[in-house]
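> Residues per chain, in single letters:
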Amino acid sequence: MKGSRVWSPIVGVVAFLYFVVPLVATAEFSVQEGPSHPFWAAYSSILSSPQFWSSLRLSLFMAVSAVVIGLVIIVPATYWAFLRAPRLQTWVEFISIMPFVVPPIVLVLGLVHLYGNGFGPLSSRPIMLMAAYGVISMPYLFRSVNNGLRSMDVRSLTEAALSLGSSWPRVLFQVVFPNLRTALLGGTFLVFALIMGEYAMSSMLGLNTFGVYMLLTGETRAHAAAALALISLALVWFLVGVMQAVNRGNVTIGGAR
Amino acid sequence: MAFLDIKDVHRQFGNQKAVDGVTIFVERGEFISLLGPSGSGKTTLLRIIAGFEYPDSGSIVVDGEDLTRTPPQRRNMGMVFQSYALFPNMTAADNVAFGLRTRHVPSAQIVPRVAELLTLVGLSEKTGRYPHQLSGGEQQRVALARALAPNPRVLLLDEPLSALDAKIRVTLRAEIRRIQRTLGITTLYVTHDQEEALAMSDRVVVFNQGRAVQIGHPEDIYDRPANAFVSSFVGSTNRLHVQVIDAASGTCAIAGQTLHVDELPAGVAEGTLVDLWLRPERIHVVDPDAPAGSNRLQGIVEDTMFLGASSGVRLSIGDQSVMVDVPRDSNRPTPVIGGAISIDFSSAVTATMGDPL
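Chains A and B are the protein sequences, given in the same order. Be aware that the first sequence starts at -15, since it is given in our numbering, and climbs by one per residue. Be aware that the second sequence starts at 623, since it is given in our numbering, and climbs by one per residue.
It should be emphasised that the hints constitute simulated quantities derived from the structure, not laboratory data. Be aware that a few hints might be false.
Partial chain A-side listing against chain B, Cβ under 8 Å, derived [as the list claims (entries may be wrong)]: (1) R68; (2) S140; (3) L141; (4) L146; (5) S150; (6) S151; (7) P153; (8) N163.
Computed spacing ranges between beta-carbons, pair by pair [to be verified]: (9) B/R751 x A/L174: 47 to 53 Å; (10) A/S28 x B/V733: 54 to 60 Å; (11) A/S135 x B/A796: 33 to 39 Å; (12) A/F0 x B/V733: 40 to 46 Å; (13) B/S784 x A/L174: 37 to 43 Å; (14) B/F635 x A/F78: 22 to 28 Å; (15) B/Q831 x A/F78: 34 to 40 Å; (16) B/G651 x A/L174: 36 to 42 Å; (17) A/P153 x B/R751: 26 to 32 Å.
In this text, a Cβ means the ideal position worked out from N, Cα and C, and glycines have one as well.
Please build the complete structure, drawing on both the sequences and the hints.
Structure below.
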């Protein structure tokens, strides 16, 4: 007991330094572009760059698309498997971890090889990237939704809604999704964070996403890269803030606050 | 044709027959309990009636309409779940209104209907509370109001009180019965609590291994159990192995003492072992010198237990034990452990073919 009292603050301080020192160092480096430049030079160069905004827009669009694909396909499929085919759970879990097993390069090569020609709109690179992001977001959304479903009595809630004359869409949108909000937000955030920093797939498909822009900036402009790292972190914190604001004060899974 | 016809319903999961040829005819406004141990098929049958499961064969007909393959959302049946299943994202009022909104009832009619039902279940002051702000008993009242709101044809309750503590259970079961009588709604109530089933129901269906082994009024189920299972499952009972001495006169023997049974199982021969099923409260401790009633047996007191209004006395007759309820009476001495004791009981006892000892 006494030992843990001594160690707790030490561990806390070490963890704090471990996380904060790199941030402080990056921040300090980002404002030292040189005596002839104002301290905000790196930030203004990033924020005034058309490539920054176009890559950010592309990545945000891709992230939103992946989330929509997930919400339309993965979430109902997870719910359906949970409710109607519990025996398939093992298989669904196995399939959900496939994106971890298959390297991005293999996934992209497979997509290009299969859909590269003759599939109309599916052969366009942005659509292929969108589909690839839909696939790699699967484990994150599946895990979050599955945990959310496990923590509420989804079978009884569904049956209660059905016995009250509810249609399936109403069951999903008025009963299941509202009670899965925390899980859905968590999964959505993970997918956003993943796609905003994704490099391998977009680079191979020749699309300048935010991840690609960050890497290119890092190769040529060290101070700007540091500024960009902090901007992307701020973006993530902003998303976390939005998530918490949306969820604050509302009923969460299982009715507990 | 009754209001709700459950005809020869079968449902099998793998090799296990969950419901094995159950037929029940329920009259309009009747309160029927489906009573049985866990895994006896009562909940599966309720789920088949609700439409959450489809039977392998058989039919469910309500008011002349065959609903066997109709999905649950088109059956107009109210269901109350053991786990309440209230929507956590909605207030009590919104939960009750849910079934009305799905039926596109105008808002002007929804508000008074919700208020009426929440008043009926005694929760008119808590309309704006979320489920997690209500106690278990209150949640179940909301669940009941929600199920009743759309005026269902049949009310189905799946062990609605089993998650509540004993005191609330007794209060709420009286409430449910009062509301059911007020509305005159046909109700099927699944429970494994025999006291609950006997206290609430017009009729009780006793389930065992997927079959409805007895259907009858609570008094019939208790006083005239159809077989050994019903006798042992409903209420406390003593099982006495006796040997038939004379089948024609119903004379049997136990530990060198004779007794008479009005009705022995058909076809028993002399020397056959039969089981007698005796309720503890139907056995009377008597003075050994008192004139004998139908049957008189002598035993030795093994143990006594204080049960509040009565005492429980366990006595041995030969190598068999019998439990007797003795009303507490200051004029009568409490039986002493190891002392001799005499008991009387009627010859109108249930007798079934016995297993060898």
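> Take the hints in turn and mark each one as holding or not.
Do the hints match the structure? See the list:
The beta carbon of A/R68 is not positioned within 8 Å of any beta carbon in chain B (closest approach about 11 Å), and the interface hint is therefore violated. Annotation: interface hint on A/S140 holds; nearest CB of chain B at approximately 4 Å, less than 8 Å. With 8 Å as the threshold, the beta carbon of A/L141 comes within range of chain B, its nearest partner Cβ sitting at about 5 Å, so the hint holds. Hint on A/L146 holds. Least Cβ distance to chain B is approximately 4 Å, under the 8 Å limit.
Taken as an interface hint, A/S150 checks out: its beta carbon lies about 5 Å from the nearest beta carbon of chain B, inside 8 Å. For A/S151, the shortest C-beta to C-beta distance to chain B is roughly 7 Å, which falls under 8 Å, so the interface hint holds. The criterion of a C-beta within 8 Å of any C-beta in chain B is not met by A/P153, whose closest approach is roughly 11 Å, and the hint is violated. Annotation: interface hint on A/N163 holds; nearest CB of chain B at approximately 5 Å, less than 8 Å.
At roughly 34 Å, the beta carbons of B/R751 and A/L174 sit outside the given window of 47 to 53 Å. For A/S28 paired with B/V733, a C-beta distance near 58 Å keeps the hint of 54 to 60 Å intact. Evaluation of the 33 to 39 Å hint for A/S135 and B/A796 yields a pass: the beta carbon distance comes to about 34 Å. A/F0 and B/V733 have their C-beta atoms about 55 Å apart, which leaves the hinted 40 to 46 Å range violated.
The hinted window of 37 to 43 Å between B/S784 and A/L174 holds, with their beta carbons roughly 39 Å apart. The supplied range of 22 to 28 Å is met by B/F635 and A/F78, whose beta-carbon atoms lie about 25 Å from each other. A hinted range of 34 to 40 Å for the beta carbons of B/Q831 and A/F78 is consistent with their spacing of about 37 Å. One distance hint, 36 to 42 Å for the beta-carbon pair B/G651 and A/L174, is violated here, with the actual separation near 55 Å.
Look at A/P153 against B/R751: about 28 Å separates their beta carbons, and that is inside 26 to 32 Å.
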